[in-house]
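A.B. asks: The lines below spell out each chain.
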Amino acid sequence: MTFSWSYFIGLFPQLIKYIPLTLIMAVVAMLISVVLGGLLTLVQLYAARPFQLLVKLYVSFFRGIPTLVLLFIVYYGLPEISPVFKGVSALTAAIAGLGVKESAYLIEIFRAGIASVDQGQIEAGEALNFSFVRIFTSIVLPQAALNALPATGNTFVSLLKETSLAFALGVTEIFADGKLLASASLRFFEVYVAVGLIYWVMIIIYTWLQKRVEERLSRPYRRVVADAINSSEQSSSAV
Amino acid sequence: MPLIQVNNLAVQFSKRKVLKNINLTVEEGSVTAIVGPSGSGKTTLLRTLNLLQTPSEGSVEVAGVQVEANKLNKAVTRQIRAQSTMVFQQFNLFKNLTALENVMSPLIYNKVATFDEAKAQALKVLRDFDLEKIADQYPVTLSGGQQQRVSIARAIVSKPKVVLFDEPTSALDPEMVSGVLNAIAKLAKQHITMVIVTHEIEFARQIADQAIFVEDGEILAQGPANEILSSTGSGRIADFVNSLENRGQPETANVVEGHTPTNQHRFKVISNRQSVATGIQANQ
Ligand SMILES: Nc1ncnc2c1ncn2[C@@H]1O[C@H](COP(=O)(O)OP(=O)(O)OP(=O)(O)O)[C@@H](O)[C@H]1O
Ligand SMILES: [Mg+2]
Chain A
0 MTFSWSYFIG LFPQLIKYIP LTLIMAVVAM LISVVLGGLL TLVQLYAARP
50 FQLLVKLYVS FFRGIPTLVL LFIVYYGLPE ISPVFKGVSA LTAAIAGLGV
100 KESAYLIEIF RAGIASVDQG QIEAGEALNF SFVRIFTSIV LPQAALNALP
150 ATGNTFVSLL KETSLAFALG VTEIFADGKL LASASLRFFE VYVAVGLIYW
200 VMIIIYTWLQ KRVEERLSRP YRRVVADAIN SSEQSSSAV
Chain B
0 MPLIQVNNLA VQFSKRKVLK NINLTVEEGS VTAIVGPSGS GKTTLLRTLN
50 LLQTPSEGSV EVAGVQVEAN KLNKAVTRQI RAQSTMVFQQ FNLFKNLTAL
100 ENVMSPLIYN KVATFDEAKA QALKVLRDFD LEKIADQYPV TLSGGQQQRV
150 SIARAIVSKP KVVLFDEPTS ALDPEMVSGV LNAIAKLAKQ HITMVIVTHE
200 IEFARQIADQ AIFVEDGEIL AQGPANEILS STGSGRIADF VNSLENRGQP
250 ETANVVEGHT PTNQHRFKVI SNRQSVATGI QANQ
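Just so you know, the sequences run in chain order A and B.
Quick note: the first sequence uses numbering that gives the first Met the number 0, first residue 0, plus one each step.
Quick note: the second sequence uses numbering that gives the first Met the number 0, first residue 0, plus one each step.
For reference, chain A alone in the conformation it holds in the complex (with noise of 0.2 Å):
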């Protein structure tokens, strides 16, 4: 069998179809995980031991068990043990599921990210009888995410292509739809290689922006822009 060209461009219409729905995924993800592993970075950082270990656990856990086991004790599993879960649907717990274990990824990000603040900005702003909120949410977190945005960006990467996974669970998102494609034409390589694609040039896409928002956002720290705004003032004052 040979590679079909034509079969292979008209399988584009139908996989793009379902681009939504797995960045929903992973947005919703990735949302879930930042706001779980903010949360629990605090409580690793500033909460009484007993709960700083507990999170400790929890970052071992879940990134040391493979993530379609998890998302099958998510979905799977879970409902044994409480009706509570019955009726949570694939979707969503895949979702959960990938949201739950990026968190464990992230929150070794965030306290890099934070302790990447260096101890004397913290001190002059007690110096200057700040509240301990006021220096944490006005000089520490603002470097701490920009220090931790291309980390935390790898991360949305990874949660990207995970989302595949969920057709395990039996939600239908791209690639769960490429396998019902090839297993309808048995044209294996054209529909993999496609949904293959479809991922790349997503992320390719999403590394663009990521890279322009970094830059962006880190004008302020670089010396660049200053010896060319200096360089410009020189030359201005010189005229």
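Quick caveat, the hints were computed from the structure, so don't treat them as lab data.
Hints are all accurate, no fakes.
Short, incomplete list of chain B residues facing chain A, as computed with Cβ under 7 Å: (1) 49; (2) 51; (3) 77; (4) 80; (5) 81; (6) 84; (7) 89; (8) 91; (9) 93; (10) 95; (11) 105; (12) 108; (13) 137; (14) 139.
Where is the CB? At the ideal position from N, CA and C, for every residue including glycine.
With chain A held as given, fit chain B with the ligands onto it using these hints.
C.D. replies: Same frame as chain A, but now just chain B with the ligands:
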């Protein structure tokens, strides 16, 4: 009237006492210089004055707010800090804020002024220090000297009763030192109470009313600056003062005296505040 009073203060890190039996008084409107060898406890002493460092024994009183070593709490800590601010060796400007925003921050974050008032006051202080041109630049884009002058502006904008300086010029390139010392001398002229840890001995002699010599965590001598910091005579302190002078700080002498010193009268002493002020005006 004493503005700061320290009684029997001690500071301990794990088992080691790095400050012991510290007693000192700082008069309102005066300048106190703290000198001493590296590791003697100068920074620790200064940090204890605004409770960035927790004392293990004794008491600290600033502008009528008294706190005892074992009775520290958040409320009294903030009351003490409301009276004083600190200028650090490494400037410690907030990197996410522009120079202007840094100077506005104490007024806004402590809710003592509206945004517009804060901006007006901050701009005025920046202008006083000849910094209005860089008001909208971020700290990384400033030279060390500019950063330190912004940090001094940030410290005084809310008119604290006391400003604490920890080696404000030690992290600077030599050519930046004079601008910062000039800014500090300007504050002395306004009779702002200051405590300055410094190795700029010539500057200290000229600006300080009182000097404190610290060694091994204890105050070895305390008295009028021109006596304590005298390089003549013998003994531990004179030796130390001489060792600093031999290192040479022509920039200091230059600022404060207002002329380029020659080798002969490079360390000519101007001992009262008035002549410091005149010297600075002459320099401008
Ligand atoms: N956080 C700390 N933990 C343990 N020991 C400390 C701490 N801070 C300072 N020390 C010790 O306390 C002593 C006094 O330090 P301090 O920084 O006050 O000295 P200093 O007089 O300011 O020195 P320098 O002139 O080098 O700045 C030193 O022996 C130092 O090692
Ligand atoms: Mg020190």
